[in-house]
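4 protein chains.
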Amino acid sequence: MNKRKICVVVTARPSYSRIRSALLAIRDHPDLELQLVVAASALLDRYGNAIQVIERDGFDIAERVYMVLEGENLVTSAKSTGIGLSELATVLDNIEPDAVVTIADRYETMATAVAASYMNIPLVHVQGGEVTGSIDEKVRHAVTKLSNLHLVSTKLAAERVRRLGEDPGAVHVTGCPSIDIAAEVAASPRMDFDPFVKYGGVGPSADLAHGYLVVMQHPVTTEYELARQQVEETLYAVKDFGLPVLWFWPNVDAGSDGTSKGIRVFREKEQPANFHLFRNMFPEDFLRLLCSATAIVGNSSVAIRECSYLGVPAVNIGSRQQGRERGKNVIDVDHDRRDIADAIATHIKRGKPSCDLLYGDGKAGTRIADCLATAGLTIEKRLTY
Amino acid sequence: MNKRKICVVVTARPSYSRIRSALLAIRDHPDLELQLVVAASALLDRYGNAIQVIERDGFDIAERVYMVLEGENLVTSAKSTGIGLSELATVLDNIEPDAVVTIADRYETMATAVAASYMNIPLVHVQGGEVTGSIDEKVRHAVTKLSNLHLVSTKLAAERVRRLGEDPGAVHVTGCPSIDIAAEVAASPRMDFDPFVKYGGVGPSADLAHGYLVVMQHPVTTEYELARQQVEETLYAVKDFGLPVLWFWPNVDAGSDGTSKGIRVFREKEQPANFHLFRNMFPEDFLRLLCSATAIVGNSSVAIRECSYLGVPAVNIGSRQQGRERGKNVIDVDHDRRDIADAIATHIKRGKPSCDLLYGDGKAGTRIADCLATAGLTIEKRLTY
Amino acid sequence: MNKRKICVVVTARPSYSRIRSALLAIRDHPDLELQLVVAASALLDRYGNAIQVIERDGFDIAERVYMVLEGENLVTSAKSTGIGLSELATVLDNIEPDAVVTIADRYETMATAVAASYMNIPLVHVQGGEVTGSIDEKVRHAVTKLSNLHLVSTKLAAERVRRLGEDPGAVHVTGCPSIDIAAEVAASPRMDFDPFVKYGGVGPSADLAHGYLVVMQHPVTTEYELARQQVEETLYAVKDFGLPVLWFWPNVDAGSDGTSKGIRVFREKEQPANFHLFRNMFPEDFLRLLCSATAIVGNSSVAIRECSYLGVPAVNIGSRQQGRERGKNVIDVDHDRRDIADAIATHIKRGKPSCDLLYGDGKAGTRIADCLATAGLTIEKRLTY
Amino acid sequence: MNKRKICVVVTARPSYSRIRSALLAIRDHPDLELQLVVAASALLDRYGNAIQVIERDGFDIAERVYMVLEGENLVTSAKSTGIGLSELATVLDNIEPDAVVTIADRYETMATAVAASYMNIPLVHVQGGEVTGSIDEKVRHAVTKLSNLHLVSTKLAAERVRRLGEDPGAVHVTGCPSIDIAAEVAASPRMDFDPFVKYGGVGPSADLAHGYLVVMQHPVTTEYELARQQVEETLYAVKDFGLPVLWFWPNVDAGSDGTSKGIRVFREKEQPANFHLFRNMFPEDFLRLLCSATAIVGNSSVAIRECSYLGVPAVNIGSRQQGRERGKNVIDVDHDRRDIADAIATHIKRGKPSCDLLYGDGKAGTRIADCLATAGLTIEKRLTY
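Line by line, the protein sequences give chains A, B, C and D.
Numbers given in the working numbering equal positions in the first sequence, counted from 1, plus 253.
Numbers given in the working numbering equal positions in the second sequence, counted from 1, plus 253.
Numbers given in the working numbering equal positions in the third sequence, counted from 1, plus 253.
Numbers given in the working numbering equal positions in the fourth sequence, counted from 1, plus 253.
None of these hints come from the bench; they were simulated from the model.
A hint or two may mislead.
For chains that are exact copies, the list does not tell them apart, and a pair is met inside one copy or across any two.
Said to hold, decoys possible - Within a straight-line C-alpha distance of at most 20 angstroms, the following computed DMTMM-like cross-link-like pairs (lysine to aspartate or glutamate) qualify:
#, residue 1, residue 2
1, K408, E578
2, K514, E412
3, K605, E437
4, K451, E523
5, K634, E578
6, K258, E286
7, K451, E521
8, K408, D614
9, K605, E412
10, K258, D351
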């Protein structure tokens with residue numbers, strides 16, 4: 254029997270973290286051949302240079318797809334997706350996969366989903382069926398409707414995908430691969446590196462022995478102009494806590510300009526002695542950093558997903574993660590500096606939550622690879638109602 | 254109060270027929286301003302030159318979007334959609350509509366849907382919630398998931414859109430605008446023109462007084478290589494019926510080459526005296542032609558929709574319309590020349606069916622305009638479950 | 254030593270005829286590896302399906318590049334070139350040639366020239382240094398300025414390229430490869446096929462034993478609106494000559510719609526019994542057809558180039574070939590039906606001209622391959638003055 | 254008489270400086286209407302945000318064209334140009350200019366030149382006829398061959414354009430508009446602002462009263478991998494001079510990654526106390542900064558052009574400006590830290606050179622506007638030999 258050729262398109266640093274253990278399992282599966290396509294901001298230095306991490310992890314890269322049109326506004330988001338669609342059609346025509354895997358709900362994943370669908374290649378969606386705010390919500394369910402196989406993280410997500418009219422036989426709960434890395438890290442959580450030495454970044458170093466805050470806040474596309482104002486609430490909320498603040502730059506997105514500008518202006522004006530800005534870290538390092546953190550603050554999905562498993566206190570701000578299932582580790586607040594500060598204080602009082610298996614048990618990667626090897630692959634589908 | 258600017262993107266001749274009465278009602282509505290964008294094959298001579306019909310109907314055209322990459326295969330379908338997405342982003346940025354309307358489920362409608370969504374413009378989908386075969390099925394429901402307002406043709410379609418997790422308050426049964434034209438034609442069905450004189454075409458003229466067959470058969474995208482073989486079954490089925498055959502060329506689509514070649518080879522080999530090929534007709538003329546036809550044969554949606562209202566016997570071939578609700582006028586058959594011929598014979602015995610209001614009562618256009626004028630327009634949405 | 258990888262980009266049927274013998278010589282050269290890229294209208298059925306001829310000739314095709322945006326106007330010409338540039342960048346990045354060869358002066362050759370230049374690949378221009386009318390003139394010399402090696406057809410062309418500031422050591426007179434085919438045909442000029450049987454086409458067959466006219470007239474881009482009027486002059490000029498008229502459809506170009514419409518309207522109105530329309534022929538068949546023709550009429554470069562060698566009387570109409578060197582076989586006229594008819598009459602009186610070696614001696618292909626194998630390949634250049 | 258509509262496409266910060274006085278003169282000319290299109294890196298924050306300067310200068314912006322595909326390598330340079338060509342075709346179709354002006358020789362100017370040519374719009378080239386190294390050389394002369402009117406900076410440039418076969422009547426020596434700003438600044442050269450306060454940037458402030466070095470070094474496209482190594486030679490050459498070093502980030506270009514990385518690594522390793530990095534300045538501020546500088550070091554054309562008029566000592570490194578005419582203020586050196594340091598030392602000994610009118614007398618802007626108002630505008634052209 255020929256190996257099934259599985260093309261996975263990775264378009265961003267966080268998407269890579271969310272799929273890495275599955276990539277390893279696909280690559281090592283006797284019945285599968287991995288065709289890894291690295292695209293969009295995953296290729297770009299100023300968005301975390303995911304490709305460097307990918308190469309360090311020993312993956313062969315089948316194709317690189319440059320598709321980010323500079324400008325960071327809504328028009329360029331749409332155009333970048335159009336460019337990506339056109340480029341990915343060429344790629345899929347060249348590498349002829351038996352199935353294409355697209356991850357989650359970033360805007361540019363639509364390029365992957367449409368290219369595969371229109372070229373009559375079975376489309377596999379990982380992490381469908383979840384609910385959040387903003388444009389991601391539209392993208393996620395539209396991708397579900399273009400997909401032929403659904404590998405979801407939670408039971409509730411599976412239920413939602415079935416209710417969207419998908420064939421129940423095509424929906425599998427695998428857990429989220431991001432939990433697989435978290436499970437490895439949880440087995441040996443000691444931070445075995447100095448983040449300031451290893452990752453540089455901007456701002457003074459700090460003593461992390463007595464707690465620290467990790468912040469990751471992305472602009473919310475449909476609230477474009479508010480991005481700068483929102484980031485300021487967070488900046489001032491964490492400023493006076495007496496703890497080192499380790500802040501991570503946001504992804505490439507419409508509005509990230511507003512967020513970045515907010516951060517820059519704050520630093521110039523306040524000259525904060527306890528802030529350090531990082532661009533990115535290797536996923537395991539980042540998770541180890543979280544394991545010992547006092548809390549994670551912002552609107553990153555890491556706070557909801559990996560941190561539920563790791564038991565890291567999380568303050569989730571605003572609408573970005575609205576609707577997403579969450580474990581006991583999360584306190585939700587608005588973009589309000591006092592609410593944010595209060596939530597951090599509450600977490601400090603309560604202490605570290607216990608491990609929650611909501612998003613998986615650490616074996617999602619192998620389950621995904623097994624599904625890809627054995628599931629029926631078809632391109633025809635029809636509403637079940 | 255400012256008028257709401259409603260941008261409608263028309264991408265093909267059949268889509269224009271399906272939206273025309275709504276365009277008239279939007280243009281004439283006191284609270285609406287129509288921004289008509291003509292794109293894709295609607296601009297092209299060899300696919301029926303819809304733009305000529307549109308201009309004859311007196312519409313102002315806001316923008317023209319060339320987006321069809323020649324080649325008529327799956328790769329160029331995907332690339333054309335990518336080009337269209339990129340071009341439409343520019344258009345929407347220039348004309349700044351309050352809402353964008355996209356029609357039905359052709360592959361290139363995805364370009365409209367993604368452009369509007371990504372630019373935070375409320376998206377309105379006309380004719381969602383239906384069920385058919387092939388890639389249209391994926392496109393239709395994906396567009397539903399990107400849309401904020403749903404104006405559907407039937408009650409069952411409305412029910413399906415709600416089950417897809419859409420807000421029931423955003424789903425309206427308006428009927429299909431194509432029925433509006435049918436209703437006008439049905440009021441005075443006499444054919445007041447000579448189709449051979451008015452539309453030219455290829456092949457001898459014929460006496461239409463004693464019945465004739467109208468054929469319209471489109472290639473089915475996901476059965477690309479079969480296109481030629483399938484069209485041959487139909488060609489030989491209608492050849493020996495002793496009736497004039499009025500055959501219409503297919504739309505631009507992957508595979509239309511196969512269909513066209515099948516037709517050309519048949520004509521050269523068989524030199525059929527009763528075949529006449531047309532490129533296209535003005536919609537009313539086409540419907541009048543159908544009113545007096547013995548039967549319509551092929552896989553066009555006109556046979557299902559307009560012909561249910563008009564009571565025209567229809568032989569529907571193959572999978573293209575599978576799943577679509579149908580009235581009493583339709584007999585379904587496979588791509589088999591004997592089955593097709595038998596169904597035509599059955600229709601001749603039975604005679605003309607009565608009018609069926611399944612797809613509307615002839616007032617869809619005004620209902621659509623009213624909805625667009627009064628409905629809440631938002632860009633945020635979330636699964637209802 | 255590694256073989257030099259020579260990428261040749263063929264974008265149209267006539268370009269293939271002009272490079273074919275060089276392609277054969279490159280493929281068979283011990284020090285060269287041919288990477289044949291087929292692009293633009295060379296892939297399209299309705300512009301002569303050059304790719305079918307290329308495959309019949311036994312060439313392996315490295316990549317196919319769909320780049321023609323439908324619409325046939327000036328905007329789509331520009332956009333098609335932009336699309337081609339973007340696509341060819343991917344292709345060149347994938348196949349990594351040591352040199353890229355671009356042919357002559359069609360608008361889309363600019364995509365090849367810019368892609369190669371910007372990617373630091375030595376660019377070779379075949380058939381530079383000539384002079385004609387219209388946009389081709391701009392394109393040709395702009396490509397010269399982007400090129401590193403110049404393989405030209407005539408001594409005068411070589412002189413012009415040097416005067417354009419190119420290094421004299423990079424300019425070689427090879428002759429035009431189109432003459433190589435002409436030389437083969439001239440060695441056995443008898444027409445060994447029935448064109449009506451072999452190539453079909455539209456219109457009645459004719460007896461070709463007592464002479465006939467071959468017409469090939471392309472629209473001139475910068476005189477877009479005149480295209481239809483100009484073709485009518487030619488149509489009426491050749492109509493009443495008492496000779497069969499074998500008319501060939503034009504290339505894809507802005508304005509070809511005007512030309513096509515002129516032809517169609519003429520046929521419907523005049524119902525000419527002596528007109529037969531062909532789409533295209535295999536190059537050798539076409540040249541054999543020319544060998545026995547009374548005259549070639551229109552504005553094709555074949556009349557100037559191959560026909561000078563073959564000694565076929567030519568009536569060259571209008572500005573398209575203005576400035577191009579010509580042999581004794583050509584009479585130049587304006588777009589005026591009487592002038593055209595007079596020139597045909599003059600040719601009939603004079604009889605067949607003798608062979609002229611102006612554009613080559615039939616060995617251009619091998620000379621080109623030898624140059625590609627031995628010339629220094631560099632990307633740096635500078636004006637010589 | 255209708256005003257002539259003059260479309261000027263500005264694609265980068267330095268191009269704006271080179272055309273600004275002409276833009277003012279066109280805008281204020283009674284017979285001209287300015288259509289200013291801002292494109293490519295001129296729209297982007299991280300390449301100097303030229304659009305902010307343009308708006309501060311009070312210009313209306315007709316269209317914005319996002320066309321930079323992120324990736325900063327040779328493939329993305331080619332693709333960005335293809336995207337730009339496609340986008341500019343839409344723009345020119347919308348604004349229908351009587352002539353299009355393109356500036357100098359950056360890679361993306363080819364998009365402007367091809368779009369205008371292919372759409373039959375007269376193309377005007379400013380700053381043709383010069384000679385330099387690298388890809389700019391190819392681009393500049395190719396644009397000349399696509400252009401219909403040539404407004405050049407020097408007599409030698411005019412002579413070269415004529416020798417390239419251009420109609421002598423279409424070639425005008427206007428001087429370079431960049432000198433117009435220099436002339437204004439030279440009239441009141443005192444630095445009336447604190448650059449560290451006004452422009453921020455990275456690194457410590459410095460006392461500029463006793464001299465300082467200004468450095469601007471761009472990567473040279475065709476020497477891609479060397480970019481980092483080359484910038485290091487300059488970094489170490491200026492480090493130990495006992496003078497403040499004001500370093501400006503390079504433009505967007507293939508290789509700017511290498512250059513940027515070189516700068517970052519140097520700063521981390523050497524922690525230089527006398528280095529300050531700026532992104533950009535308003536043109537007049539930058540020229541005032543140069544007026545009092547000890548020397549300008551690098552490979553910017555400002556050192557050759559404006560600084561010849563201003564009498565600023567310049568050390569020009571490497572091949573980028575090779576071939577360009579230069580005044581008495583320039584010492585040329587290789588990428589060698591000792592040679593660079595020696596040249597600076599020589600300049601310090603010699604003192605400030607006198608004003609040189611080589612590139613203009615300060616009235617280029619009005620001359621350009623007058624030419625645009627009165628010159629014959631045509632699209633046809635032909636080699637003069």
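Against the structure, the hints:
1. Taking CA atoms no more than 20 angstroms apart as the test, K408 paired with E578 passes inside one copy only; the shortest distance there is 11 angstroms, against 33 angstroms between copies.
2. Taking identical chains as interchangeable, the C-alpha atoms of K514 and E412 are never at most 20 angstroms apart, the minima being 41 angstroms within one chain and 46 angstroms between chains.
3. Proximity of K605 to E437 under the C-alpha cut-off of 20 angstroms is restricted to the intra-copy arrangement: shortest distance 19 angstroms within a copy versus 66 angstroms between copies.
4. Taking the shortest alpha-carbon separations for K451 and E523, only the inter-copy value of 18 angstroms comes in at or below 20 angstroms, while the best intra-copy value is 26 angstroms.
5. In this homomeric assembly, K634 and E578 come within 20 angstroms of each other (Cα to Cα) only across copies, at 17 angstroms, whereas the closest approach inside a single copy is 28 angstroms.
6. In this assembly of identical chains, the alpha carbons of K258 and E286 lie at most 20 angstroms apart only when taken from the same copy (5 angstroms versus 30 angstroms across copies).
7. For the identical chains of this complex, K451 and E521 are inter-copy neighbours only, at 13 angstroms across copies versus 25 angstroms inside a copy, given an alpha-carbon limit of 20 angstroms.
8. Taking the closest pair of Cα atoms, K408 and D614 come within 20 angstroms of each other only inside a single copy of the chain (13 angstroms); across copies the shortest separation is 44 angstroms, beyond that limit.
9. Neither within a single protomer nor between protomers do K605 and E412 lie at most 20 angstroms apart by alpha-carbon distance, with minima of 31 angstroms and 46 angstroms respectively.
10. For the identical chains of this complex, K258 and D351 are intra-copy neighbours only, at 5 angstroms inside a copy versus 31 angstroms across copies, given an alpha-carbon limit of 20 angstroms.
In summary, the structure is inconsistent with hints 2 and 9 from the numbered list given earlier, while agreeing with the others.
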